[in-house]
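Engineer: Here's the letter readout for the chains.
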Amino acid sequence: MSIFTIPSSEVLIQGILSGILMGFVYALIAAGLSLIFGLMEIVNFAHGEFLMLSMYTTFWAYALFALDPLLSVPLSAGVLFLLGWLTYRGIIRRILGGPMLAQIFATFGLGIFLRAAAQFLWTPDFRQVSKAWVQGPVRILGVSVGLPQAVASVACLAAFGMLYWFITRTETGFALEATAQDRQAAALMGINTERMFALGWGIGAACVGVAGAFLANFFYVFPHVGSLFALIAYVTVALGGFGSIPGSLVAGVIIGVIEVLGGLLIAPAFKYVAVFVLYLVVVLVRPQGLFGKF
Amino acid sequence: MACLEVQGITKRFGGLVANHNISFAVRRGEILGLIGPNGAGKSTLFDVITGYYRPEAGEVRFDNHRLVGRRPDQVNRLGIGRTFQKLRPFNAMTVLENVMVAAMQHRADPLAARGEALRYLEFVELADKRDSFARDLSTGQRKRLELARAMATRPRLLLLDEVTGGVDQRTIPTLLQLIGRLREQGLTLVVIEHNMRVIMSISDRIVALHLGEVIADGPPSEVVKERRLIEAYLGDTFVVPSGGARASGDGLRGAGEGRA
Amino acid sequence: MPPGEGVEVADAGAGVVAPPSARTGWGTIFLAILLVAALAFPWVFRLPYHRDLVIRVFLYAMLAQAWNILAGYCGQISLGHAVFFGTGAYTSAVLQTTWGWNPWLGLLAGVPVAVALSQVIGYPCFRLRGHYFAIATIAIGEIVQTLAINWEFIGGARGLTLPFQKDSLLAFQFHTSKYPYYYVALVLLVLCLLVSWWIERTRLGYYFRAIREDPEAAQSVGIPVARYKLIAMAISAAFVSAGGSFYAQYVLYLDPDSVLPLSLSILICLLAVVGGVGTLWGPLVGAALLIPLSEFTRIQFGGTGRAVDLLIYGGLLTTVAVFQPAGLVGLLRR
Numbered sequence: 145m146s147i148f149t150i151p152s153s154e155v156l157i158q159g160i161l162s163g164i165l166m167g168f169v170y171a172l173i174a175a176g177l178s179l180i181f182g183l184m185e186i187v188n189f190a191h192g193e194f195l196m197l198s199m200y201t202t203f204w205a206y207a208l209f210a211l212d213p214l215l216s217v218p219l220s221a222g223v224l225f226l227l228g229w230l231t232y233r234g235i236i237r238r239i240l241g242g243p244m245l246a247q248i249f250a251t252f253g254l255g256i257f258l259r260a261a262a263q264f265l266w267t268p269d270f271r272q273v274s275k276a277w278v279q280g281p282v283r284i285l286g287v288s289v290g291l292p293q294a295v296a297s298v299a300c301l302a303a304f305g306m307l308y309w310f311i312t313r314t315e316t317g318f319a320l321e322a323t324a325q326d327r328q329a330a331a332l333m334g335i336n337t338e339r340m341f342a343l344g345w346g347i348g349a350a351c352v353g354v355a356g357a358f359l360a361n362f363f364y365v366f367p368h369v370g371s372l373f374a375l376i377a378y379v380t381v382a383l384g385g386f387g388s389i390p391g392s393l394v395a396g397v398i399i400g401v402i403e404v405l406g407g408l409l410i411a412p413a414f415k416y417v418a419v420f421v422l423y424l425v426v427v428l429v430r431p432q433g434l435f436g437k438f
Numbered sequence: 002m003a004c005l006e007v008q009g010i011t012k013r014f015g016g017l018v019a020n021h022n023i024s025f026a027v028r029r030g031e032i033l034g035l036i037g038p039n040g041a042g043k044s045t046l047f048d049v050i051t052g053y054y055r056p057e058a059g060e061v062r063f064d065n066h067r068l069v070g071r072r073p074d075q076v077n078r079l080g081i082g083r084t085f086q087k088l089r090p091f092n093a094m095t096v097l098e099n100v101m102v103a104a105m106q107h108r109a110d111p112l113a114a115r116g117e118a119l120r121y122l123e124f125v126e127l128a129d130k131r132d133s134f135a136r137d138l139s140t141g142q143r144k145r146l147e148l149a150r151a152m153a154t155r156p157r158l159l160l161l162d163e164v165t166g167g168v169d170q171r172t173i174p175t176l177l178q179l180i181g182r183l184r185e186q187g188l189t190l191v192v193i194e195h196n197m198r199v200i201m202s203i204s205d206r207i208v209a210l211h212l213g214e215v216i217a218d219g220p221p222s223e224v225v226k227e228r229r230l231i232e233a234y235l236g237d238t239f240v241v242p243s244g245g246a247r248a249s250g251d252g253l254r255g256a257g258e259g260r261a
Numbered sequence: 008m009p010p011g012e013g014v015e016v017a018d019a020g021a022g023v024v025a026p027p028s029a030r031t032g033w034g035t036i037f038l039a040i041l042l043v044a045a046l047a048f049p050w051v052f053r054l055p056y057h058r059d060l061v062i063r064v065f066l067y068a069m070l071a072q073a074w075n076i077l078a079g080y081c082g083q084i085s086l087g088h089a090v091f092f093g094t095g096a097y098t099s100a101v102l103q104t105t106w107g108w109n110p111w112l113g114l115l116a117g118v119p120v121a122v123a124l125s126q127v128i129g130y131p132c133f134r135l136r137g138h139y140f141a142i143a144t145i146a147i148g149e150i151v152q153t154l155a156i157n158w159e160f161i162g163g164a165r166g167l168t169l170p171f172q173k174d175s176l177l178a179f180q181f182h183t184s185k186y187p188y189y190y191v192a193l194v195l196l197v198l199c200l201l202v203s204w205w206i207e208r209t210r211l212g213y214y215f216r217a218i219r220e221d222p223e224a225a226q227s228v229g230i231p232v233a234r235y236k237l238i239a240m241a242i243s244a245a246f247v248s249a250g251g252s253f254y255a256q257y258v259l260y261l262d263p264d265s266v267l268p269l270s271l272s273i274l275i276c277l278l279a280v281v282g283g284v285g286t287l288w289g290p291l292v293g294a295a296l297l298i299p300l301s302e303f304t305r306i307q308f309g310g311t312g313r314a315v316d317l318l319i320y321g322g323l324l325t326t327v328a329v330f331q332p333a334g335l336v337g338l339l340r341r
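Chains as they are written, first to last, in the numbering used here: chain A, 145 to 438; chain B, 2 to 261; chain C, 8 to 341.
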């Protein structure tokens with residue numbers, strides 16, 4: 145007897161396609177995390193809660209001002225940019241170079257706080273954008289997938305491309321990269337590293353601002369929604385290599401596909417187990433991840 | 002008789018060859034100076050000897066023990082102590098605790114380890130700082146702390162990385178005196194040092210590395226004449242900064258007194 | 008406070024160097040009073056509610072202290088300690104319900120199982136540093152929880168209900184008089200504190216702290232780092248497992264959501280960090296303040312308390328990490 149179930153090839157293709165689509169969303173979320181880590185070797189353990197807040201921003205814009213999630217993207221990105229910037233100025237700046245414990249638990253505490261705040265203010269209820277512009281299925285390559293998923297995926301890939309372009313092709317991007325490489329040297333070159341760090345946090349958070357707005361189109365919004373995405377984001381970043389932006393894209397897609405295959409081949413309950421096991425195997429064989437530097 | 006034998010060590014990092022087929026021997030009781038410009042592979046070699054890096058080729062023998070493949074703690078327990086180029090004291094522990102931890106290898110009881118640690122602290126003249134946190138010490142003090150910590154494991158061979166680097170000129174004589182006294186106690190030393198005057202005066206023998214290879218091996222008086230070494234260094238460290246010349250001179254005298 | 012001063016987590020350890028004589032006198036008297044108060048408490052406050060609250064303070068203080076041995080002393084930040092709690096809870100419960108083992112034997116049996124598991128997890132994961140280790144432990148926690156949910160033999164998502172038995176010390180059940188639960192929890196806590204106290208005073212504690220400060224430098228003075236990390240993990244897992252077994256026997260019901268969730272792992276760390284990581288009394292102080300706080304908010308705000316306790320926990324955790332890494336105990340020492 146096998147624990148594996150063999151799905152039909154049609155189901156398999158559909159699964160892999162939707163895995164790839166979700167992978168682009170994961171990639172953008174992970175890119176934000178990776179950018180911050182590359183800059184200052186700090187993991188934002190409140191990343192999932194940032195995502196949750198961006199989804200709530202989108203939801204409330206819809207519920208209160210009838211703003212479609214697609215129109216909320218700039219709003220959500222802006223709010224999250226501000227949140228990231230403030231997090232750096234208020235918290236992170238003070239623990240740079242501090243002990244590992246402080247670095248981990250400062251953002252961990254923030255995550256717990258934000259989640260609890262959301263529950264306090266907006267109750268644990270599941271909320272949903274009910275009449276979005278994009279809904280229903282669409283056929284891609286002969287298989288049917290949700291239109292909101294497809295839109296989120298393409299948009300996140302586009303945002304990812306813009307992020308990559310920004311980092312590798314613009315003056316500010318060079319300054320960010322220089323700060324990531326060597327803080328002191330960057331400072332000597334006249335780069336305001338303090339500003340770069342805050343900017344890194346702003347952009348890192350804005351990434352989930354974009355992803356969250358599109359996710360709100362087809363995902364329930366509730367205080368704990370970020371936890372699962374955050375776990376996947378940590379795994380994605382570690383798999384791709386902390387600090388490697390292209391690594392996030394490859395790892396995001398791998399994880400999106402593994403998640404679906406784990407669900408199809410083993411059992412739906414085990415899809416995340418497959419992801420976590422893959423993560424453990426990779427970091428134990430190659431601790432720096434697929435694209436890590438050291 | 003050879004105490005430590007480095008035999009054909011090659012260590013690569015990706016495409017970079019940090020050590021290429023390096024061989025030399027260290028005799029029991031001598032001070033061997035290891036010199037070479039930045040990036041010559043000196044610290045890498047220390048890391049290979051003490052088990053932090055595994056070389057692609059070659060072997061290191063210490064008193065008939067093969068060292069390659071052993072972990073750093075095992076190498077230390079065989080009798081090799083070391084300091085680090087980039088200082089690594091246990092920052093949030095006191096000076097005394099830093100040395101106690103090392104002394105505990107032979108004296109598990111904290112009280113006994115404490116007594117022994119104090120002796121090493123007195124030896125490096127840090128006993129009055131025993132209750133300070135290691136992170137609060139000056140660079141020179143931390144160098145001495147690392148020395149005391151390495152000695153507390155009772156090594157027969159000490160590898161000292163950059164004895165005077167980053168230390169202010171007035172402290173150098175103290176450090177050199179310490180090295181002289183270590184040799185008196187029968188220790189064998191391998192010393193990496195950038196200050197040419199210092200290294201030439203304290204070493205019995207010099208091994209020079211350049212781009213990962215041995216380019217000279219012999220007594221200081223002969224090694225300085227080696228053409229390849231002069232080329233490697235030309236315009237670099239041989240130009241002793243004028244401000245430091247006099248102080249270094251004091252250092253030499255200090256070391257001489259220590260040895261007498 | 009300038010950011011540079013954040014490096015103070017370990018300051019509390021400085022007290023350790025003081026020769027034992029410095030600790031006698033007032034300290035001993037205070038400890039004696041504390042112990043007498045703990046022993047007398049259930050006879051003075053006779054409401055079950057109070058007793059239950061203090062039992063949970065003891066239990067969580069013990070768990071936090073056990074975590075502290077690994078994370079505070081030895082510097083290995085595990086965010087998956089619920090795994091060992093669940094191991095203890097499930098081992099004793101399954102042995103009892105399936106094979107009719109005595110609960111006390113079940114508690115003892117859970118310890119070696121959890122220790123073995125801790126070595127299996129630690130052996131590969133200790134090669135990972137800092138964040139990577141922390142994230143790996145989260146991943147393992149999630150894997151174990153999912154496996155437990157889907158493992159029918161141990162009750163799956165439904166969980167296990169332990170049989171209701173007549174009160175007796177042997178059966179580990181004391182429904183009419185809850186005092187014995189109280190004392191069992193107290194004994195576990197005191198045992199854990201004694202072991203920590205002993206660790207701080209022996210070579211083990213010095214080696215742990217050296218490893219926390221700088222594993223490479225620790226190796227250079229002959230410390231087999233991997234072995235000592237595993238020792239710290241084993242001691243830590245043993246106590247957490249015993250706590251899990253106690254919990255199962257106390258509540259008589261367990262499921263993956265109550266004994267294996269990430270939130271439990273986080274709560275364990277949180278109490279220790281807020282109280283004072285790497286110190287002997289920090290975890291107890293943290294538990295003594297935060298567990299009742301959680302009860303209080305639940306009464307004030309009803310139901311789940313609208314997560315007010317978590318709001319405060321999270322705020323405190325960040326504040327402590329940023330401004331006072333030595334925790335509340337560090338604040339008292341000033």
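In short, the hints are calculated from the structure, not lab data. Careful, some of the hints might be misleading.
Said to hold, decoys possible - Going by beta-carbon spacing under 10 Å, a handful of chain C positions derived as facing chain B:
{"id": "1", "residue": "N109"}
{"id": "2", "residue": "Y214"}
{"id": "3", "residue": "D221"}
All values derive from a computational prediction rather than experimental measurement. Every residue gets a Cβ at the ideal spot worked out from N, C-alpha and C, and that includes glycine.
Engineer: Decide, hint by hint, whether the structure agrees.
Structural biologist: Cross-check of the supplied hints:
1. N109: N109 of chain C check fails; min Cβ-Cβ to chain B is 38 Å, beyond 10 Å.
2. Y214: Hint on Y214 of chain C: holds, closest Cβ of chain B at ~7 Å, below 10 Å.
3. D221: holds, 5 Å
Checked against the numbered hints listed earlier, the structure breaks hint 1 alone; every other hint is satisfied.
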